[in-house]
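Colleague: Since the structure of chain A is already known, use the hints to place chain B on it.
Single-letter residue listing:
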Amino acid sequence: MKTPAGYRRPAPGVHPPYNFPSYTSTQKRAPRQAPLRLEHTLSEITGPRFSPDTMAPGDDDLTHFDGGEALGERIVVTGRVLDEDGRAIPHTMIEIWQANAAGRYAHAEDRHEAPLDPHFAGVGRAITDDSGAYRFMTIKPGAYPWRNHHNAWRPNHIHFSLFGPSLATRLITQMYFPGDPLLALDPVFNSVPDPSARERLIATFDIEVTIPEYALGYRFDFVLRGRNASPTLN
Amino acid sequence: MIPLQTPSQTVGPFFKPALIRTGQESLITPRSRGERITIEGRVLDGDSTPVSDAMIELWQANSDGRYHHPEDMEEKLLDPDFHGFGRAATDEQGCFRFFTIKPGAVAGSGIDLQAPHVNLSIFARGLLKQLITRIYFPDDPMNATDAVLNAVAPERRATLVARFERPGLLHFDIVLQGEHETVFFDI
Numbered sequence: 108m109k110t111p112a113g114y115r116r117p118a119p120g121v122h123p124p125y126n127f128p129s130y131t132s133t134q135k136r137a138p139r140q141a142p143l144r145l146e147h148t149l150s151e152i153t154g155p156r157f158s159p160d161t162m163a164p165g166d167d168d169l170t171h172f173d174g175g176e177a178l179g180e181r182i183v184v185t186g187r188v189l190d191e192d193g194r195a196i197p198h199t200m201i202e203i204w205q206a207n208a209a210g211r212y213a214h215a216e217d218r219h220e221a222p223l224d225p226h227f228a229g230v231g232r233a234i235t236d237d238s239g240a241y242r243f244m245t246i247k248p249g250a251y252p253w254r255n256h257h258n259a260w261r262p263n264h265i266h267f268s269l270f271g272p273s274l275a276t277r278l279i280t281q282m283y284f285p286g287d288p289l290l291a292l293d294p295v296f297n298s299v300p301d302p303s304a305r306e307r308l309i310a311t312f313d314i315e316v317t318i319p320e321y322a323l324g325y326r327f328d329f330v331l332r333g334r335n336a337s338p339t340l341n
Numbered sequence: 068m069i070p071l072q073t074p075s076q077t078v079g080p081f082f083k084p085a086l087i088r089t090g091q092e093s094l095i096t097p098r099s100r101g102e103r104i105t106i107e108g109r110v111l112d113g114d115s116t117p118v119s120d121a122m123i124e125l126w127q128a129n130s131d132g133r134y135h136h137p138e139d140m141e142e143k144l145l146d147p148d149f150h151g152f153g154r155a156a157t158d159e160q161g162c163f164r165f166f167t168i169k170p171g172a173v174a175g176s177g178i179d180l181q182a183p184h185v186n187l188s189i190f191a192r193g194l195l196k197q198l199i200t201r202i203y204f205p206d207d208p209m210n211a212t213d214a215v216l217n218a219v220a221p222e223r224r225a226t227l228v229a230r231f232e233r234p235g236l237l238h239f240d241i242v243l244q245g246e247h248e249t250v251f252f253d254i
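One line per chain: the protein sequences are A and B, in this order.
My numbering puts the first sequence at residues 108 to 341.
My numbering puts the second sequence at residues 68 to 254.
Isolated chain A, as found in the complex (with noise of 0.2 Å):
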């Protein structure tokens, strides 16, 4: 049995460290001893995979929930998902979540003061399509307060989840705006060493994909480990 192809393995600079000081809560749960290099092996080039058949009408859109509309700004969330070769990902799950437009998440543990919207839930999942691409209708989520330091304010940020084809390609990670004023003094978008990666974690307005009376479009492309060439088998 020859051995399958790995991936490769990220460039220096492109994953934030565990251990990130100013982002307070890697303090004790950051692993003090490097994690050990594994090459690669079925249980690492194999992962989970997600039927369409899962999916239930609406899934897509979080603009609408409990029988009415979400308060903010709709907007529409679309790009593909690759590998580093450009590949397309078809057919792989994505997952979202979010605050509402106040700034506040439908979850319990979030005592934010701000007002909670009944039509939002901030939930949302997607499976991309032959091409790799994805597409969710949302709104805009509001900035909010989150104690990490002084006056410590987190971006307005979507966060996504994403499968690829492996346990290896496996990303959870957070989508950001352009423009916004906060992404400079954020240690987790900062926790990403290499400036110019940082800056793919935030989406481009895109006049084409906004909808004319109706909402802003928004362009973020997922980026997932590429593959080793195939070994030979001489």
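Hints in this document: simulated from the structure, not taken from any laboratory.
Computed from a predicted model, the values in this text were never measured in an experiment.
Virtual Cβ for every residue (Gly too), placed ideally from N, Cα, C.
One thing to keep in mind: the hints can contain errors.
For lysine-lysine, the following DSSO-like pairs were computed, each having C-alpha atoms within a straight-line distance of at most 27 Å [stated by the list, open to error]: (1) B:Lys-83 / A:Lys-247; (2) B:Lys-143 / B:Lys-169; (3) B:Lys-83 / A:Lys-135.
Partial list, derived from the structure: chain A residues whose beta carbon lies under 8 Å from chain B [said to hold, decoys possible]: (4) Pro-142; (5) Arg-144; (6) His-147; (7) Leu-149; (8) Glu-191; (9) Gly-193; (10) Ala-228.
Modeller: Using the frame of chain A, we list chain B on its own:
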């Protein structure tokens, strides 16, 4: 233009309504093949304080040692009633629990078989990217020759092996930091 990777960011504290659904902690149906096991444990931080806002994802092969994935082309039986993926959130005490079966041995690199193991990914506030670890089984003779276990310093190897609470119930703690820190992998 060459596509460049999207960086990881923390899952944060508010993921549960989006990512956690009842039943995801069970990987089995009554028809799944294999020896039923429950795996439970706690996630602890560097002060041994329970981490009550973590998500654990479990990925494993079926009882014959085959992953439900097109790239696993081993000549072993697939199980239509076992897909091998589970998710659990930790509770107030930092506890998580999975209901599954003991996986078979899966292929390693070259001709080696790997000892039966399940793969865990851990996400939490304060983790800017997931942690990866494996759970091995305490009574399995293949552990002695497993390439991954043997790459771990002997004094830390025990952090990757569950312990039997009683038959069918395994305990596995995930210690994020400190003296008994779990071995994590860079995959």
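Colleague: Work down the list of hints and note, for each, if the structure agrees.
Modeller: Going down the list of hints, with the structure as the test:
1. B:Lys-83 / A:Lys-247: Holds, at roughly 20 Å.
2. B:Lys-143 / B:Lys-169: 16 Å, holds
3. B:Lys-83 / A:Lys-135: 22 Å, holds
4. Pro-142: The hint holds - A:Pro-142 has a Cβ within 8 Å of chain B, the shortest such distance being about 4 Å.
5. Arg-144: 4 Å, holds
6. His-147: 7 Å, holds
7. Leu-149: 5 Å, holds
8. Glu-191: At about 6 Å, which falls below the 8 Å cut-off, the nearest Cβ of chain B leaves the hint on A:Glu-191 intact, so it holds.
9. Gly-193: The hint holds - A:Gly-193 has a Cβ within 8 Å of chain B, the shortest such distance being about 5 Å.
10. Ala-228: 7 Å, holds
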